[in-house]
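Colleague: If you want the building blocks of each chain, they are given just below.
2 protein chains.
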Amino acid sequence: MTNGFLEAIDVISKQGITVEYPKHFVLQKRGKQADKFWILRKGLVRYFYQWQEKEFSGWFDMENDIVGSVYSIVGMGPAKETIQLLENSELIEINLEKCHHKIPEFESFKIELLQYYFLELENRIKFFQCLDGKERYHYLLENKPQLVQRVPLRLLASFLGLTPESFSRIRKKIT
Amino acid sequence: MTNGFLEAIDVISKQGITVEYPKHFVLQKRGKQADKFWILRKGLVRYFYQWQEKEFSGWFDMENDIVGSVYSIVGMGPAKETIQLLENSELIEINLEKCHHKIPEFESFKIELLQYYFLELENRIKFFQCLDGKERYHYLLENKPQLVQRVPLRLLASFLGLTPESFSRIRKKIT
Chain A
282 MTNGFLEAID
292 VISKQGITVE
302 YPKHFVLQKR
312 GKQADKFWIL
322 RKGLVRYFYQ
332 WQEKEFSGWF
342 DMENDIVGSV
352 YSIVGMGPAK
362 ETIQLLENSE
372 LIEINLEKCH
382 HKIPEFESFK
392 IELLQYYFLE
402 LENRIKFFQC
412 LDGKERYHYL
422 LENKPQLVQR
432 VPLRLLASFL
442 GLTPESFSRI
452 RKKIT
Chain B
282 MTNGFLEAID
292 VISKQGITVE
302 YPKHFVLQKR
312 GKQADKFWIL
322 RKGLVRYFYQ
332 WQEKEFSGWF
342 DMENDIVGSV
352 YSIVGMGPAK
362 ETIQLLENSE
372 LIEINLEKCH
382 HKIPEFESFK
392 IELLQYYFLE
402 LENRIKFFQC
412 LDGKERYHYL
422 LENKPQLVQR
432 VPLRLLASFL
442 GLTPESFSRI
452 RKKIT
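Taken in order, these protein sequences are the chains called A and B.
Take any residue in the first sequence, count from 1 to its spot, add 281: that is its number in the working numbering.
Take any residue in the second sequence, count from 1 to its spot, add 281: that is its number in the working numbering.
Everything labelled a hint here was simulated from the structure, so no lab data went into it.
There's no promise every hint is true.
When chains are identical, the list treats them as one kind, so a pair holds in a single copy or across two.
No farther apart than 30 Å at their CA atoms in a straight line, the calculated lysine-lysine pairs in the DSSO-like style are these [claimed, not checked]:
{"no.": "1", "residue 1": "K383", "residue 2": "K453"}
{"no.": "2", "residue 1": "K304", "residue 2": "K383"}
{"no.": "3", "residue 1": "K415", "residue 2": "K295"}
{"no.": "4", "residue 1": "K379", "residue 2": "K313"}
{"no.": "5", "residue 1": "K453", "residue 2": "K317"}
{"no.": "6", "residue 1": "K379", "residue 2": "K425"}
{"no.": "7", "residue 1": "K335", "residue 2": "K407"}
{"no.": "8", "residue 1": "K454", "residue 2": "K361"}
{"no.": "9", "residue 1": "K335", "residue 2": "K295"}
{"no.": "10", "residue 1": "K425", "residue 2": "K453"}
{"no.": "11", "residue 1": "K454", "residue 2": "K391"}
{"no.": "12", "residue 1": "K304", "residue 2": "K361"}
{"no.": "13", "residue 1": "K304", "residue 2": "K379"}
{"no.": "14", "residue 1": "K317", "residue 2": "K335"}
Just need the whole structure built from these sequences, with the hints factored in.
Modeller: Listed below in structure tokens is the structure:
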């Protein structure tokens, strides 16, 4: 993240209010235009989508991450993923109405947000294209050990692009 | 693509010149800042990157596609992929110098370009996460049959996230 991006987040987060929501609470429904986004102070968030009636875990957010449908925040359309809490969470909730055409930093914030996630998406493609299932799990253990500790196994398997069975086999070989 | 995006492409492409380059020609080197981009009139283009000294085919462009490092064009840094011709090609070559601060449409073009590829990257993640190797090949056969006809098999295997051996097994079962 650039300094400009961090400063914009700081200005924008001052427009927000602190909220607490319980585990399982749905922040954003797939198919609905985003009218809010959040900064996660404490807790764990899952993004999921459907493909041919099956559910896939696309992403997780942890402490200090920006939470929300980037696709919808930048004005591309309704959210493509449902965003749900996996733990009781504390967040700064920001109303998009209060940002659009009101905070000068918000226009450049949207572009930087898009750029930041463009890079994240590219990395996630490499994660799938260059690593096999076992290597992906190792990568996660090394780079995001907290996710491995806090996310239920069946959701972690989906995030890794594995069936619960093959994920279980990989885990048994390691321990 | 929105109408505004298509109109911007039309205006910008008028700044370009028509060029012809031979098969194997490198349009953009990984690690170098982009100073040009292209619209492909005729031919075939491959994007590839390295991961732990192995080469991966990340993308292919065909007729009428915009060719270039989006990452670098929008000002995020040097190109992350090398872009090379797989066929003798005819392209409209556009110098970025002639666009920045000179074509009013260029600023919104960059944002729309980023949004367009954001969506493409999300789709590519779903392609890897939701489909197994055989399903990925079927998807390509149905949705991009020209790629299957024109791209060498070993590059196609890499694009699909498969070893040449498992790709060969999948192809044998189909024919």
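Colleague: Hint by hint, note whether the structure agrees.
Modeller: Against the structure, the hints come out as follows:
1. K383 x K453: neither (54 Å within a copy, 60 Å between copies)
2. K304 x K383: Answer is neither; intra-copy 33 Å and inter-copy 51 Å both fail.
3. K415 x K295: For K415 and K295, neither the intra-copy (42 Å) nor the inter-copy (50 Å) Cα distance is at most 30 Å.
4. K379 x K313: within (19 Å within a copy, 40 Å between copies)
5. K453 x K317: neither (41 Å within a copy, 50 Å between copies)
6. K379 x K425: Neither: 33 Å inside a chain and 43 Å across chains, both beyond 30 Å.
7. K335 x K407: both (23 Å within a copy, 12 Å between copies)
8. K454 x K361: neither (36 Å within a copy, 35 Å between copies)
9. K335 x K295: neither (39 Å within a copy, 46 Å between copies)
10. K425 x K453: within (20 Å within a copy, 39 Å between copies)
11. K454 x K391: For K454 and K391, the Cα distance exceeds 30 Å both inside one copy (44 Å) and across copies (47 Å).
12. K304 x K361: within (21 Å within a copy, 39 Å between copies)
13. K304 x K379: within (27 Å within a copy, 53 Å between copies)
14. K317 x K335: Cα proximity of K317 and K335: one copy only (27 Å, versus 42 Å across).
The structure fails to meet hints 1, 2, 3, 5, 6, 8, 9 and 11 from the earlier list, while all remaining hints are met.
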